[in-house]
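2 protein chains.
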Amino acid sequence: MTSPTTYAVVMAGGSGTRFWPASRKARPKQFLPISGGQPMLAETCARLAGLVPLERTLVVTAESQSELVRRTLPGLPRENVLCEPAARNTAPCVAFAAEEIARRAPDALQIVLPADHVIRPLASFQRTLRAALAAAAREDALVIFGVRPDHPATGYGYIEAGATLAELDGLPLYGVTRFVEKPDRARAEQFLAAGKFLWNSGMFVWSTRAIRAALATHAPAITAGLARIAQGETLERVYPQLPSVAIDVAVLEKAANVRMLPIDYGWNDVGSWSALPEVHAPDAQGNWRALSGRARLLAEDARGCVAYAEGDEVIALVGVQDLVVVRAGNATLVCPRARAQDVKKVVERLASEGPEFL
Amino acid sequence: MTSPTTYAVVMAGGSGTRFWPASRKARPKQFLPISGGQPMLAETCARLAGLVPLERTLVVTAESQSELVRRTLPGLPRENVLCEPAARNTAPCVAFAAEEIARRAPDALQIVLPADHVIRPLASFQRTLRAALAAAAREDALVIFGVRPDHPATGYGYIEAGATLAELDGLPLYGVTRFVEKPDRARAEQFLAAGKFLWNSGMFVWSTRAIRAALATHAPAITAGLARIAQGETLERVYPQLPSVAIDVAVLEKAANVRMLPIDYGWNDVGSWSALPEVHAPDAQGNWRALSGRARLLAEDARGCVAYAEGDEVIALVGVQDLVVVRAGNATLVCPRARAQDVKKVVERLASEGPEFL
Numbered sequence: 179m180t181s182p183t184t185y186a187v188v189m190a191g192g193s194g195t196r197f198w199p200a201s202r203k204a205r206p207k208q209f210l211p212i213s214g215g216q217p218m219l220a221e222t223c224a225r226l227a228g229l230v231p232l233e234r235t236l237v238v239t240a241e242s243q244s245e246l247v248r249r250t251l252p253g254l255p256r257e258n259v260l261c262e263p264a265a266r267n268t269a270p271c272v273a274f275a276a277e278e279i280a281r282r283a284p285d286a287l288q289i290v291l292p293a294d295h296v297i298r299p300l301a302s303f304q305r306t307l308r309a310a311l312a313a314a315a316r317e318d319a320l321v322i323f324g325v326r327p328d329h330p331a332t333g334y335g336y337i338e339a340g341a342t343l344a345e346l347d348g349l350p351l352y353g354v355t356r357f358v359e360k361p362d363r364a365r366a367e368q369f370l371a372a373g374k375f376l377w378n379s380g381m382f383v384w385s386t387r388a389i390r391a392a393l394a395t396h397a398p399a400i401t402a403g404l405a406r407i408a409q410g411e412t413l414e415r416v417y418p419q420l421p422s423v424a425i426d427v428a429v430l431e432k433a434a435n436v437r438m439l440p441i442d443y444g445w446n447d448v449g450s451w452s453a454l455p456e457v458h459a460p461d462a463q464g465n466w467r468a469l470s471g472r473a474r475l476l477a478e479d480a481r482g483c484v485a486y487a488e489g490d491e492v493i494a495l496v497g498v499q500d501l502v503v504v505r506a507g508n509a510t511l512v513c514p515r516a517r518a519q520d521v522k523k524v525v526e527r528l529a530s531e532g533p534e535f536l
Numbered sequence: 179m180t181s182p183t184t185y186a187v188v189m190a191g192g193s194g195t196r197f198w199p200a201s202r203k204a205r206p207k208q209f210l211p212i213s214g215g216q217p218m219l220a221e222t223c224a225r226l227a228g229l230v231p232l233e234r235t236l237v238v239t240a241e242s243q244s245e246l247v248r249r250t251l252p253g254l255p256r257e258n259v260l261c262e263p264a265a266r267n268t269a270p271c272v273a274f275a276a277e278e279i280a281r282r283a284p285d286a287l288q289i290v291l292p293a294d295h296v297i298r299p300l301a302s303f304q305r306t307l308r309a310a311l312a313a314a315a316r317e318d319a320l321v322i323f324g325v326r327p328d329h330p331a332t333g334y335g336y337i338e339a340g341a342t343l344a345e346l347d348g349l350p351l352y353g354v355t356r357f358v359e360k361p362d363r364a365r366a367e368q369f370l371a372a373g374k375f376l377w378n379s380g381m382f383v384w385s386t387r388a389i390r391a392a393l394a395t396h397a398p399a400i401t402a403g404l405a406r407i408a409q410g411e412t413l414e415r416v417y418p419q420l421p422s423v424a425i426d427v428a429v430l431e432k433a434a435n436v437r438m439l440p441i442d443y444g445w446n447d448v449g450s451w452s453a454l455p456e457v458h459a460p461d462a463q464g465n466w467r468a469l470s471g472r473a474r475l476l477a478e479d480a481r482g483c484v485a486y487a488e489g490d491e492v493i494a495l496v497g498v499q500d501l502v503v504v505r506a507g508n509a510t511l512v513c514p515r516a517r518a519q520d521v522k523k524v525v526e527r528l529a530s531e532g533p534e535f536l
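Keeping their order, the protein sequence lines are chains A and B.
Numbered according to my numbering, the first sequence spans residues 179 to 536.
Numbered according to my numbering, the second sequence spans residues 179 to 536.
Heads up, a few of these hints could be off.
Note: identical chains are not told apart, hence a pair may lie in one copy or across any two.
[As the list claims (entries may be wrong)] Calculated pairs, SDA-like style, for lysine to any residue (alpha carbon to alpha carbon, straight line, at most 20 Å): (1) 374 / 315; (2) 523 / 497; (3) 374 / 241; (4) 522 / 391; (5) 432 / 234; (6) 523 / 408; (7) 523 / 476; (8) 360 / 317; (9) 432 / 357; (10) 360 / 431; (11) 374 / 431; (12) 203 / 520; (13) 374 / 444; (14) 523 / 499; (15) 432 / 353; (16) 432 / 362.
Hints in this document: simulated from the structure, not taken from any laboratory.
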């Protein structure tokens, strides 16, 4: 038996504001070089090198960002950019891409990834993906990836691992006992101590057949909605009416054939500026340089700072510690690393006080 | 007797770097809106409204800045921009302007001002200037202005006042006992306690006749050098050979006819970013907004900060205190207010590491 074709679905529809002023309405996080020299979307695709070529990669995004997707991935065929007429969370997005792949290659396997994660090292991640593809091919399993926690994070959902059902290339394939919403600190500490709770990474591998069947069973409104398009209704009319729900909630918490592979290496969804030190090595002075183009940092007796700039810019830090300093577009942000969550307050205020800066 | 014509000489040749990144080689402090909405040079001229029109104002500057002077002062006649072929400190500058005024109006009085001070209120300053003009007209005195110290500053030279020789419009006209170099802290405290030591403001009033005579007596090399120009040598050849010396040292410390008027209101030479709180009122959150154009500050739980920006820019400060944050051109500076002197270290490093940012 030849191994089935594999497609990738990269979910690039996010419009996060936690990386303001680098991220803007017109250029969300996935288009930024947060994690290194390339935009996160480009790195996400590069991470599939040798597994899935761009010809079989679909990028699901908002219509307003389709041009930015094409510029970020010049090798991506135009017909591989799927535009959502409205943001409806991940379940409609997964279903939309699954219908498209079903038309092109109904037997294909799928790797479904958010466009804005940092995962290292590459070899470990690809080994996990190959194991997942094997499980998806062999058992029609819906494979999810659980990140082994190293601290009691309260910002992620958790998944309780069940029994080890198989070993794939030395990796345990777990059953799933239950999904748990983001816990409070005390519960997160219990989860960490228990050892069998993993962070829900939001990445998936499955066969096109398996995810379509699961959607039809557990999210029939989505399946039925998309079927109306096959019957002649427009995407623009149907899509905004689909239920806005996460694929985890709509399908994975309910399906019996969900399996989990562990990620016990570097994974980060880079949720705010304060996460940059988790994905960048510090420089010799102990600052983190998130610089692209010819941007420069000049640190004079400054340490513990995160500096982000693009293009022909210089940031000079003198005698400061543990700050986030971001220069992007027509805006500058300065805040302590520990206050990076409060960037959302700035964004909220700008909605009324300065929408031209969003 | 009709009162003599009055000229103003504005010394705008400075190339300070303490306001980097707003001040650049190509745009020093005097061209910046440090003190309010207008460039300091424009405010300096506006401060003479009613006393000296632009037609009788000479601006001495570097050739490279002459165009910037004209743009900053569109009403200034072209022939009133005097270009120094080289920076030679204030004595050659004063002499150069005095020769030019001697050609135009040999009987004129002169008000000689640096282009980059903040002085308030206007009425008090103009009253002092009128008293100085009266003294210069009546006695051919070389009138200097001493700022009554309110703290033991170590950054200024001091002038010890002698006897009160006259009263002019209620202001005491002092003799001068001696000039003192910038003192250390202990001496500065003694000066403050003694009550008769005033800061040397670097502003002067005299008749064209008196300053030319004093230069001829005490700085004959300068007078002789400029005379060679009248005899046909070029300014470009002569000027760079003139001794580089301050007018205080070359002439005023030696001349017998020096008089001093006190300034006991707001005077500030705005020596660094940390001086901005001395010349700006804070906003309701306790931050200082040095914003021009449509620039904006968004402070979220931030206080005690100095924010400078120009044009269509926003600076967002979240949870920080007592910082200087400057956005100008292609550069951003962040440093504690107390470390603003160290901006010069950045400028020194950029000379080798990033001259394109100077």
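**OP:** At 20 Å max between alpha carbons, let me know whether residue 374 reaches residue 315 within a copy, between copies, both or neither.
**Re:** Answer is neither; intra-copy 26 Å and inter-copy 94 Å both fail.
Original post:
When no copy is named, should residue 523 and residue 499 be tagged within, between, both, or neither for a Cα gap of at most 20 Å?
Top reply: between (22 Å within a copy, 17 Å between copies)
Original post:
Should residue 432 paired with residue 357 be assigned to within, between, both, or neither, using CA atoms and 20 Å as the limit?
Top reply: within (10 Å within a copy, 88 Å between copies)
Subject >> Within, between, both or neither: residue 374, residue 431 at alpha-carbon 20 Å >> reply: within (17 Å within a copy, 84 Å between copies)
Original post:
For residue 360 vs residue 431, is the C-alpha pair at or below 20 Å within one copy, between two copies, both, or neither?
Top reply: within (15 Å within a copy, 76 Å between copies)
Subject >> residue 523 and residue 408: within-copy, between-copy, both or neither at 20 Å Cα >> reply: Close neither inside one copy (43 Å) nor across copies (67 Å); limit 20 Å.
Original post:
Between copies, within a copy, both or neither: which fits residue 374 and residue 444 at Cα up to 20 Å?
Top reply: within (18 Å within a copy, 70 Å between copies)
Subject >> Alpha-carbon proximity context of residue 523 and residue 476, limit 20 Å >> reply: Intra 28 Å, inter 10 Å, cutoff 20 Å: inter-copy only.
Subject >> Within, between, both or neither: residue 432, residue 362 at alpha-carbon 20 Å >> reply: Classified as neither; 24 Å inside a copy, 78 Å across copies.
Original post:
Is it within, between, both or neither when you check residue 432 against residue 353 at 20 Å Cα-Cα?
Top reply: within (13 Å within a copy, 95 Å between copies)
Original post:
Is it within, between, both or neither when you check residue 203 against residue 520 at 20 Å Cα-Cα?
Top reply: Classified as within: same-chain Cα gap 18 Å, cross-chain 37 Å, threshold 20 Å.
**OP:** If the cutoff is 20 Å on CA atoms, where do residue 360 and residue 317 land: within, between, both or neither? Let me know, please.
**Re:** Neither, since 30 Å and 85 Å both go past 20 Å.
Checked against the numbered hints listed earlier, the structure breaks hints 1, 3, 4, 5, 6, 8, 16; every other hint is satisfied.
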